[in-house]
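Engineer: Sequence:
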Amino acid sequence: MVTSLLSARGYRLAWAGVAGMTGFAGLLLGVVLTGTWSLVMILATATCLAVACRAAAEDLADRTVRLPPLVALLAAVLVAGTGLVLALGGAAVALLVCLAATGLPLLGPRHRFLDTAELRGRWEAGARALAGASTPAEAAAVVRDRARCLDELERRDPEGVRRWLSSPDPFARFGTADPA
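Residues 1 to 180 (full-length UniProt numbering) are what the sequence shown spells out, left to right.
Derived from the structure by calculation, the hints contain no laboratory data.
Even for Gly, the Cβ is constructed at its ideal location relative to N, Cα and C.
Treat the hints with care, as some may be off.
[To be verified] FRET-style restraints, in silico, Cβ to Cβ: (1) G121 with G20: 26 to 32 angstroms; (2) A25 with L165: 26 to 32 angstroms; (3) A55 with V143: 41 to 47 angstroms; (4) V40 with D151: 25 to 31 angstroms; (5) D151 with V32: 43 to 49 angstroms.
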């Protein structure tokens, strides 16, 4: 388990480093190679996309999406993509497809990188966080995280989770009791 944990974190770090360097290079190329009006149009496009994303997030009752950081992120991505395409042509598309394909394994639940004791601790901490949640959105985020913890625990030990969930004590099932 320790070896797979280290290799997963190592892969995540290596991928993030390559993606970060590619994005930074593309951003520099985009700023240098596109004209001022192109940059203005990219910023306007990023703003429209960010507003649409924010509206979709509100429809999903997720109020954690903040508009200014989202505009900045989308503008940077668009400028970087434009810079890479201007500098590399079709090779930029191949580079970005390879980068996206190698990043797909990282989209899985982050809980897979926790050992079982850490996962149980996160479950227990979630119960305390849920009791202290000050808004419905905050409580919903904690519930989603606990659901992901439970899914990962079930993936690792389906029979153990079945025994735990069928225990007679409802507080042990959904409260702060240790699922060990």
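Engineer: Could you run down the list of hints and mark each one as holding or not?
Structural biologist: For each hint, the structure was consulted:
1. Taken as a hint, the range 26 to 32 angstroms holds for the pair G121 and G20, whose Cβ atoms sit roughly 30 angstroms apart.
2. Distance hint for A25 and L165: a CB-CB separation of about 50 angstroms, inconsistent with the stated range 26 to 32 angstroms.
3. Between A55 and V143 the Cβ separation comes to about 23 angstroms, which falls outside the hinted range of 41 to 47 angstroms.
4. Between V40 and D151 the CB atoms are about 45 angstroms apart, so this pair departs from the stated range of 25 to 31 angstroms.
5. Distance hint check: the CB atoms of D151 and V32 are about 46 angstroms apart, consistent with the given range 43 to 49 angstroms.
Comparing the model with each numbered hint stated earlier shows that hints 2, 3 and 4 do not hold.
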